[in-house]
Structures are given as structure tokens and as C-alpha cells.
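K.L.:
Given the sequences, and given the hints that come with them, work out the whole structure.
Heads up: the sequence lines are chains A and B, in that order.
For the first sequence, our numbering gives the first residue as 44, with consecutive numbering after it.
For the second sequence, our numbering gives the first residue as 44, with consecutive numbering after it.
These are calculated hints, taken from the structure and not from any lab test.
Take the hints with a grain of salt, since some may be wrong.
Identical copies go unnamed one by one, so any copy, or any two together, can satisfy a pair.
Below, a list of computed lysine to any residue pairs in the SDA-like style, where the Cα atoms sit at most 20 Å apart [stated by the list, open to error]: (1) Lys156 x Glu479; (2) Lys466 x Leu315; (3) Lys89 x Asn428; (4) Lys241 x Lys466; (5) Lys90 x Gln429; (6) Lys111 x Asp130; (7) Lys156 x Leu503; (8) Lys90 x Leu65; (9) Lys505 x Asp127; (10) Lys156 x Gly119; (11) Lys71 x Thr115; (12) Lys516 x Gly488; (13) Lys468 x Gln424; (14) Lys64 x Leu339; (15) Lys156 x Arg277; (16) Lys71 x Gly133; (17) Lys396 x Gly495; (18) Lys468 x Gly191; (19) Lys71 x Val352; (20) Lys165 x Ala78; (21) Lys90 x Ala397; (22) Lys268 x Asp141; (23) Lys123 x Lys426; (24) Lys68 x Thr115; (25) Lys89 x Ile163.
2 protein chains.
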Amino acid sequence: QELKERLRIETGAPPKGETKKLTLKTPKGTRDYTAKEMSVRSQIFKKITGVFERHGGVTIDTPVFELKEILTGKYGEDSKLIYDLKDQGGEICSLRYDLTVPFARFVAMNNVKNIKRYQIAKVYRRDQPAMTKGRMREFYQCDFDIAGTYDAMVPDAECVRVAVEVLSQLDVGAFVVKVNHRKILDAVFEASGVPEDKVRTISSAVDKLDKQPWAEVKREMTEEKGLSSEVADRIGEYVQLRGGKELLSKLRELAPLMQTTRAQEGVHEMELFFEYAEIYNVLDQVVFDMSLARGLDYYTGIIYEAVLVEESQAAERTQAKEGDESQVRVGSIAAGGRYDTLVGMFSESQGKKATQVPCVGISFGVERIFSIVMSRMQAEQIKSNQTQVYVIAVGGGLLQERMQIATELWDNGIAAEFMYKAKAKLPNQFKACEDEQIPWAVIVGQSEIDEGVVLIKSMLAKDKSQGNGIPVKRADMVAELKQRFANVVG
Amino acid sequence: QELKERLRIETGAPPKGETKKLTLKTPKGTRDYTAKEMSVRSQIFKKITGVFERHGGVTIDTPVFELKEILTGKYGEDSKLIYDLKDQGGEICSLRYDLTVPFARFVAMNNVKNIKRYQIAKVYRRDQPAMTKGRMREFYQCDFDIAGTYDAMVPDAECVRVAVEVLSQLDVGAFVVKVNHRKILDAVFEASGVPEDKVRTISSAVDKLDKQPWAEVKREMTEEKGLSSEVADRIGEYVQLRGGKELLSKLRELAPLMQTTRAQEGVHEMELFFEYAEIYNVLDQVVFDMSLARGLDYYTGIIYEAVLVEESQAAERTQAKEGDESQVRVGSIAAGGRYDTLVGMFSESQGKKATQVPCVGISFGVERIFSIVMSRMQAEQIKSNQTQVYVIAVGGGLLQERMQIATELWDNGIAAEFMYKAKAKLPNQFKACEDEQIPWAVIVGQSEIDEGVVLIKSMLAKDKSQGNGIPVKRADMVAELKQRFANVVG
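P.N.:
Below you can see the structure in the form of C-alpha cells.
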């Protein structure tokens with residue numbers, strides 16, 4: 044009896060006699076995607092993949108969970124959002140929080156020297172879900188990263204070009220790509236006199252400037268974070284600067300800033316960036332925004348964030364209650380930057396000499412893009428199947444005949460369906476064909492069988508002349524259909 | 044100081060001064076896929092998806108984890124292999140164990156009445172990994188299921204047809220699809236006199252007949268499971284039967300078996316199955332194997348399993364040490380069956396009247412298929428990128444010129460790469476182009492710029508006549524390239 048009970052617990056069965064009432068839902072912050080939604084999502088992925096491949100991207104796959112220690116210390120305050128697996132004996136693992144850290148682990152572990160890789164996969168964050176804003180606990184990221192030792196800003200500018208190509212192709216509306224440079228930001232803090240141990244937290248405050256007025260940010264710096272008012276004001280003079288290439292000339296004239304090596308390096312790199320961005324035809328979309336800071340620890344160079352313009356303005360009007368600056372922004376649909384030391388951290392941890400593999404990348408938040416695209420479509424318009432032909436019997440049954448026709452179509456690579464009923468009513472068959480938006484019907488009745496023909500009917504053509512369908516010799520059915528498919532496409 | 048320490052622990056940072064030595068690996072039973080492997084895997088998925096869509100399949104997506112209670116009590120003894128998420132406050136969740144239970148949950152939750160859905164996604168089992176056999180803790184399943192109230196065996200036979208189409212397309216070698224029927228199996232146990240409470244465990248023993256001789260299975264039944272020798276022998280007479288359609292006539296003559304309602308229903312359905320399987324041209328691949336039992340609880344009708352023929356023989360020769368019969372078999376590459384009550388269990392659990400949505404499906408274990416396909420390929424032959432053109436500069440630099448050409452190619456939908464160096468050596472550029480198997484080079488030097496031309500060179504053509512490349516007006520570059528691409532395809 045005791046053994047039985049132990050077995051019950053082990054197999055997870057409910058106690059005897061107890062019919063447990065299930066909660067029929069997906070876990071908080073997660074959702075299903077229906078066939079129509081998947082059809083739209085696949086189109087989005089296809090476009091994104093197309094751009095990534097146009098830039099030489101190859102894809103890799105990594106496990107959905109990593110050893111916990113791989114993720115430790117990479118995400119700053121957001122580490123608390125990491126999903127852990129239960130310790131069921133063996134290794135301690137966590138679900139991946141993004142695709143960047145697993146990518147860096149992959150590069151270090153496999154001694155990859157250079158790769159342009161893209162990865163479209165789900166990541167996991169124990170965040171407060173905001174479904175309406177497209178913020179989920181399980182969501183897709185579409186990442187494109189270039190790893191390798193190359194000349195300054197060449198791959199960086201290409202990542203921004205990739206962002207512009209993707210967002211233009213997806214037709215999500217007007218957007219800008221804000222860019223900044225970690226070295227310039229650090230130089231700003233250095234030149235303003237921010238103590239080294241306060242740099243991170245002050246950086247977080249600065250990053251809120253897209254949602255809060257300067258007065259509010261200054262208050263946080265001084266009252267909450269103990270910065271002196273003068274230091275805050277000096278920061279304020281820098282980080283409220285926004286503009287294009289000309290801003291760099293302006294920075295060059297700011298002597299206190301340009302005395303720091305960091306500023307010199309950062310400004311030089313940004314000059315190169317703007318030079319390349321012009322060749323890549325993306326200057327119109329790029330805004331140099333000195334308040335852009337990005338939450339993650341691992342960035343070392345240029346950082347960027349693509350923001351929908353309307354959305355961004357809307358966000359400014361709404362109250363920005365979300366305290367955590369490292370959250371995905373309301374209007375942010377893609378973000379990234381350069382991280383030159385992450386791979387080295389992994390290879391170094393092996394006790395080996397650190398092999399630096401500099402990286403730069405861009406990550407698209409596809410759930411937001413999906414919401415935007417989906418909201419523009421009408422559900423009825425979305426065809427989720429690929430079926431070309433519905434096989435219909437006139438006069439009741441003929442199940443075997445329908446099966447035979449379907450077999451012949453399948454054998455010839457034609458997607459075909461029929462009603463899984465021995466006796467199928469004609470109106471029901473036509474309704475199924477229409478409901479599923481199947482473009483062609485092959486119709487057969489006893490008289491057609493006797494005459495050795497089938498009727499082919501276009502379900503989309505308004506042409507009344509085809510009547511119940513055009514009779515075609517049974518032996519010519521496949522060839523006739525293929526010709527009709529080709530004509531529609533051509 | 045204390046606050047700092049608390050913050051450190053919360054953010055998961057290592058204690059100060061401690062450089063923790065990381066283990067640079069993926070968790071046990073999981074693996075990365077390189078770009079070349081992904082290229083092969085994508086081809087496999089594409090073929091499988093093609094077959095699924097040819098049969099009217101649409102795809103859905105469900106979260107990678109479910110509420111734990113959704114999975115509870117569905118997998119028999121294998122429930123111990125379920126990965127749980129750590130309780131970090133909130134709901135108790137587990138990683139999905141298969142795609143079938145989440146699919147049934149989806150159907151019940153969304154009140155779906157009928158759907159042909161496919162899903163290609165990862166599932167998770169805390170099993171002892173056997174990488175060489177392709178058995179992993181994280182692995183892909185490719186599932187095709189037909190849900191809806193239809194006439195007997197029509198969708199069932201189509202699932203077997205789908206299995207045959209997929210395995211033929213993937214060219215994995217000779218295979219058979221073993222079929223059996225749960226009702227016949229239950230009737231065998233009933234007619235043989237197996238006590239009701241022993242049916243499951245005896246069924247497990249029977250399922251091992253593909254790896255063990257009858258004597259061994261009988262010993263397990265009698266010595267380990269306490270069945271009388273006579274009962275075991277009666278079972279043995281039935282479950283060692285194997286054959287084609289003709290086996291059904293033989294069963295019809297076995298009076299004690301056919302006295303049970305279950306046997307009558309099962310045999311009738313199997314007769315229909317064979318009738319349809321003949322129309323679907325899959326009789327050659329189908330074997331009626333009365334020892335096939337399948338481990339999972341939820342099957343209610345036909346069950347089937349596709350087995351590689353060579354592998355299956357190899358497996359018979361090796362020792363079958365794996366005690367758990369519900370494991371994926373060595374030679375098993377696809378399996379499934381009918382489960383008519385699973386959706387109803389979910390809808391019923393809601394306190395609502397159970398809505399039965401009968402289902403039948405097939406699941407492909409793609410990791411095995413991947414190993415087979417991969418072992419036949421040579422790594423060098425696999426092209427993992429889609430790049431069509433490599434832009435090469437003669438005489439050192441010309442970085443901006445190369446960028447400009449690439450931009451024009453990207454603008455016109457052509458996948459292009461170039462070396463991310465201001466000064467790129469010619470041999471290095473050609474080597475990169477060859478290493479990446481890029482078929483076309485666009486070559487430019489100062490003299491070409493001056494003349495307003497570029498050189499187009501086929502990297503695959505052995506044709507020496509093209510020399511350093513065919514000069515083409517810069518303005519005609521895109522059109523010329525597109526024409527060349529078309530010629531190669533055509």
C-alpha cells in the first residue's frame with residue numbers, strides 16, 4: 044500500500060478518488076499561437092531571415108536552457124528575472140534570458156574566430172507581463188551578430204543597416220535608430236565628475252530621458268542617488284544633446300570632454316560610423332542620442348535602439364511608471380550594440396588565456412512587430428493552410444474514389460484534402476473548401492467515373508462559364524492542375 | 044556593506060575577488076547545432092513540413108512550458124522524466140514532455156472542433172542521454188495530428204501515409220511501419236485471462252518483444268509480474284503473430300478472442316485500415332505486429348511505429364539493456380496512434396461537460412533522422428550561408444567602394460558580403476569567397492572604377508576564358524548578375 048502511494052507520488056498521479064479540477068490555461072506571460080497567427084508570424088520570420096541571409100548570416104541553434112553559471116553576472120539587476128529549472132539532481136540550469144550570452148558561450152566553447160550568425164528563438168524572463176504592449180515571459184528574439192576581429196565600425200554600421208532593412212521590409216511605420224557610444228557616455232560621466240562606483244546607477248537614470256523630463260532624471264540623480272547638483276547639471280548638458288553627424292563636431296569642441304581618451308576614441312568611432320551609415324543609405328533613420336545608455340552590462344562600444352516614432356511620442360505622453368530602465372521600452376522594437384569582451388570572459392574562465400572575439404549585434408523583438416502587423420490584418424483574410432485542391436464527391440459517398448484521387452495528387456506533390464466521411468454532403472464539402480480558402484476543387488460523381496473524367500473548378504474565379512467545373516480526362520488531371528497553378532502564379 | 048552583499052546575491056554576481064571557474068559546456072543531454080548542421084536540419088524540416096502541408100496541415104505554437112498539472116498523469120511511469128521549473132513564486136510549471144498533450148490542451152482550451160495541425164518543436168525529458176543513438180534530453184519532435192469527429196480509420200490511414208511519405212522523402216533507408224490496435228491488444232489480455240490491474244504492466248512486457256525473445260518476455264511476466272504460466276502462454280500465442288492483411292482473417296477464426304466486443308471492434312477497424320492503406324499505396328511498408336503496445340497511457344485505437352529495417356536488426360543483435368519499454372526504440376523513428384479521450388479529459392476537468400474531440404497523430408523523432416542524414420554528408424559539401432556575391436577589391440583598400448557595391452546589391456535583394464577590413468589582401472578575399480562557397484565575385488580595382496565597370500566572375504565555373512572576370516558596366520551590374528543567377532538555376 045505504501046509502495047503504491049510512493050509510486051503514485053512519483054508518477055505524479057492524483058490521489059485516488061480525487062478528480063482534480065485543472066486550470067485550462069497557458070502559464071502566466073505565455074500564449075498559444077493559432078494557425079492564422081502562425082501564418083502571419085512565419086511571414087515575418089521569413090522576411091527577417093531574408094534580410095539576415097542577404098548579409099551573409101548563417102544560423103545556429105543552442106539549447107533553451109544553459110548551465111546557470113553561464114548566465115550569472117551578465118544581466119545586471121535583471122538577473123532576478125531569470126527562470127531557473129528545479130534541482131532534480133544533476134546540473135543547475137536556467138532558461139536562456141537572451142540569445143546573446145548563449146551565442147558568446149557558443150563562440151568561446153567552439154573556438155569560433157569569426158561568424159555572422161542569426162538566431163530566431165524564444166527567450167524567457169520572469170517579468171510582469173504586459174500582453175497589450177507585447178511584453179511576455181516567453182517571447183521570440185531575432186538576433187543577428189557579427190563576431191570577429193575587423194576594422195572599426197564596419198560591421199557595426201552594417202548591423203544598423205540590417206535594422207533599417209528589416210524594419211522597412213516589415214512596414215511597421217516610421218522609426219528612428221538612436222545611436223550612442225558607451226565610451227562617449229563613460230567620458231561624459233568622467234568629465235562631469237561622477238564617482239566610478241556611481242557610474243552604473245547614474246547611467247540607468249540617464250537612460251530614462253526618453254520617457255521622463257530632465258528635471259525628473261536630475262531629481263533621481265541627486266536625491267535618490269546622491270549626486271551633487273553641479274555634477275548632475277554637467278551631465279545634463281551632455282546627455283540632452285541629440286542630432287546627426289554635426290553633433291560630433293560640436294562634441295569635438297567641448298574641451299573638458301575631449302580631454303578624456305574615451306571621448307576621443309568614441310568620437311572617432313562615431314565619425315567612422317556616420318561615414319559608413321551614409322554609404323549604407325541609413326542616415327535618414329539615424330539619430331545620435333546621447334541619453335541612450337542600454338541596461339546590459341556587456342556593451343563596450345556603439346549602442347543602438349530602433350524606436351517607432353509614433354509609439355515613442357505616445358509613450359512620452361503616458362506615465363512612465365516602469366522603474367526598471369532595462370525593460371524593453373514601449374516603442375523599442377530592436378536594440379543592440381558592440382560587446383567586445385563577453386566571449387573573452389567565457390574563454391578566460393576556462394583557465395585558458397582569454398581569446399577576445401569582438402562582437403556586435405542587433406536583436407529584434409518580434410512580438411511587438413507581430414502585434415502591429417496582426418492589428419492591420421483581418422482574420423478572414425489569412426490563409427493558414429497550403430492546400431491547393433479539395434476533392435469533392437457528387438452524390439454522397441465515393442470515399443474510395445476521393446482517396447484515390449488524393450493519393451494521385453499527393454504522389455505528384457500537390458497539396459490535397461477531402462472530407463473524412465464515407466458519406467459527405469455536397470454543400471458541406473463546398474463549405475469546407477471555401478472555409479479553408481482552397482483555390483481549386485476536383486469534383487467527381489458516378490457519371491464522371493463512368494466517363495473517365497474529373498471536373499476541375501476554380502473556387503476563386505468569379506467566371507460563371509466554368510459551371511460545375513471543366514471536365515478533364517482523369518489521366519490528364521495532374522498535368523491540367525499543374526498548368527492552372529502555373530497560370531495563376533504567372 | 045550588508046546591503047551590497049544582498050544585492051550581490053540577488054544579481055547573481057560572484058563574491059568579490061572570486062573569479063569562478065566556469066564549466067564551458069551545454070547542459071547534459073543538450074547540444075549546440077553549428078551552421079552547417081542547421082543547414083542540414085532545415086532541409087529535413089522543410090521536407091517534413093512539405094509533406095505535412097501537402098496533407099492540409101496548419102501549424103500552431105504552444106509555450107515550451109505548461110502548468111505542471113496539465114502534464115500530470117499522462118505519461119505513466121515516464122512522468123518521472125518531466126523537467127520542472129523551480130518554484131520562484133507563482134505557478135508551478137514543467138517543460139513539455141511531448142507535443143501531444145499540449146496540443147490536446149490547446150484543442151480543449153480553444154474549443155477547437157477539428158484541425159489538422161503540425162508542430163515542429165523541442166521537447167524535454169530527463170532521460171539518460173545516449174547521444175550516439177540520438178537520444179537527447181532536449182530534442183525536436185515533428186508532429187502531425189488530425190483532430191475531429193470523422194469516419195473510422197480515414198484520418199488514421201492518412202497518418203500512416205504521411206509517415207511513409209516523410210520517410211521516403213528523407214531517404215533514411217528501408218523501413219517498416221508496424222501497426223496494432225489497442226482494442227485488439229486489450230482483447231488479447233481479456234481473452235487470455237490477465238487481471239485488469241495487471242494489464243498495463245503486462246502490456247509493457249509485451250512491447251519488449253521487438254528486442255527480446257519470447258522466453259525472456261514470458262519470464263518477466265511470470266516471475267517479475269506474477270502472471271500464471273498458462274495465461275502467459277495464451278498471450279504468447281497472440282502477440283507473436285505478425286503479418287499483413289491476411290492476419291485479420293486468421294484472428295477472425297480465433298473464437299475466444301473474437302468473443303470480446305473489443306476484438307470485434309478492433310478487427311473491424313483494422314480491416315478498414317488495410318483497405319485504406321491499400322488505396323494509399325502503403326501496404327508494402329505496413330506490418331501488422333501484435334506485440335506493438337506503445338508505452339503512453341492515452342492511446343485508444345490504432346497504434347503504429349516506423350522502424351528502420353537495418354537498424355532494427357542491428358538492435359536485435361545488441362544487448363537490450365534498457366529496461367524502460369516506453370523509451371524511444373533504437374530503430375524507431377516515428378510513432379503515434381489514436382487518442383480519442385485526451386481532449387475530453389481536459390474539457391471535462393473544467394467542470395464542463397466533456398467535449399470529445401477524437402484525435403490521431405504521428406510524431407517523428409528528427410534527431411535520429413538528422414544523425415542518419417548527417418553521417419552521409421561531408422562537412423565541406425554543406426553550404427550554410429545563402430550569399431550569392433562576394434565583393435572583392437584589387438589593390439588593397441577601396442573599402443568605401445566595396446560598401447557602395449554591397450549596398451546596391453542589398454537594395455536589389457542580392458545577398459552580398461565583403462571583407463570587413465579597410466585594407467584587404469586579394470588572396471584573403473578570394474579565400475574567404477571560396478571558404479564560404481560563394482558562387483559569384485564582383486571584383487573592382489581603381490582602373491575599373493575609372494572605366495565605370497566591375498568584373499563579374501563565376502567562382503564555380505571551371506571556364507578559364509573568364510580570366511579575372513567579365514567586365515560589365517557598373518550601371519548594368521545588378522541586371523547582369525540577376526541574369527546569371529537565372530541561367531544557373533534554369
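K.L.:
For every hint, state whether the structure bears it out.
P.N.:
Okay, the hints, checked on the actual structure:
Only between protomers do lysine 156 and glutamate 479 lie at most 20 Å apart by alpha-carbon distance; the minimum there is 14 Å, versus 49 Å within a single protomer. Proximity of lysine 466 to leucine 315 under the C-alpha cut-off of 20 Å is restricted to the inter-copy arrangement: shortest distance 15 Å between copies versus 72 Å within a copy. In this assembly of identical chains, the alpha carbons of lysine 89 and asparagine 428 lie at most 20 Å apart whether taken from the same copy (16 Å) or from different copies (15 Å). Taking the closest pair of Cα atoms, lysine 241 and lysine 466 never come within 20 Å of each other, the shortest separation being 77 Å inside a single copy and 41 Å across copies.
For the homomeric pair lysine 90 and glutamine 429, the shortest alpha-carbon distances inside one copy (18 Å) and between copies (14 Å) are both at most 20 Å. Proximity of lysine 111 to aspartate 130 under the C-alpha cut-off of 20 Å is found in both arrangements, the shortest distances being 11 Å within a copy and 15 Å between copies. Within a single copy, lysine 156 and leucine 503 get their C-alpha atoms no closer than 53 Å, and across copies no closer than 26 Å, so neither meets the 20 Å cut-off. In this assembly of identical chains, lysine 90 and leucine 65 lie within 20 Å of each other by CA distance neither inside one copy nor across copies; the values are 39 Å within and 38 Å between.
Proximity of lysine 505 and aspartate 127 under a CA criterion of 20 Å is satisfied in neither setting, with 57 Å inside one chain copy and 55 Å between copies. For a Cα distance limit of 20 Å, the shortest separation of lysine 156 from glycine 119 qualifies neither inside one copy, at 27 Å, nor across copies, at 47 Å. Taking the closest pair of Cα atoms, lysine 71 and threonine 115 come within 20 Å of each other only across two copies (18 Å); inside a single copy the shortest separation is 24 Å, beyond that limit. Only within a single protomer do lysine 516 and glycine 488 lie at most 20 Å apart by alpha-carbon distance; the minimum there is 14 Å, versus 61 Å between protomers.
For the homomeric pair lysine 468 and glutamine 424, neither the shortest alpha-carbon distance inside one copy (26 Å) nor that between copies (53 Å) is at most 20 Å. In this assembly of identical chains, the alpha carbons of lysine 64 and leucine 339 never lie at most 20 Å apart, being 42 Å within a copy and 22 Å across copies at closest. In this assembly of identical chains, lysine 156 and arginine 277 lie within 20 Å of each other by CA distance neither inside one copy nor across copies; the values are 42 Å within and 65 Å between. When the C-alpha separation of lysine 71 and glycine 133 is checked against a cutoff of 20 Å, the pair qualifies only between copies, where the shortest distance is 9 Å, while the shortest distance within a copy is 27 Å.
With identical chains, the CA atoms of lysine 396 and glycine 495 are never at most 20 Å apart, being 77 Å at best within one copy and 49 Å at best between copies. Only between protomers do lysine 468 and glycine 191 lie at most 20 Å apart by alpha-carbon distance; the minimum there is 17 Å, versus 64 Å within a single protomer. Proximity of lysine 71 to valine 352 under the C-alpha cut-off of 20 Å is found in neither arrangement, the shortest distances being 30 Å within a copy and 45 Å between copies. For the identical chains of this complex, lysine 165 and alanine 78 are neighbours both inside a copy (18 Å) and across copies (18 Å), given an alpha-carbon limit of 20 Å.
Taking the shortest Cα distances, lysine 90 and alanine 397 never come within 20 Å of each other, neither inside one copy (37 Å) nor across copies (42 Å). In this assembly of identical chains, lysine 268 and aspartate 141 lie within 20 Å of each other by CA distance neither inside one copy nor across copies; the values are 29 Å within and 49 Å between. For a Cα distance limit of 20 Å, the shortest separation of lysine 123 from lysine 426 qualifies neither inside one copy, at 41 Å, nor across copies, at 40 Å. For the identical chains of this complex, lysine 68 and threonine 115 are inter-copy neighbours only, at 14 Å across copies versus 31 Å inside a copy, given an alpha-carbon limit of 20 Å.
Taking CA atoms no more than 20 Å apart as the test, lysine 89 paired with isoleucine 163 passes in both settings, with 11 Å inside one copy and 16 Å between copies.
In summary, the numbered hints that this structure violates are 4, 7, 8, 9, 10, 13, 14, 15, 17, 19, 21, 22 and 23.
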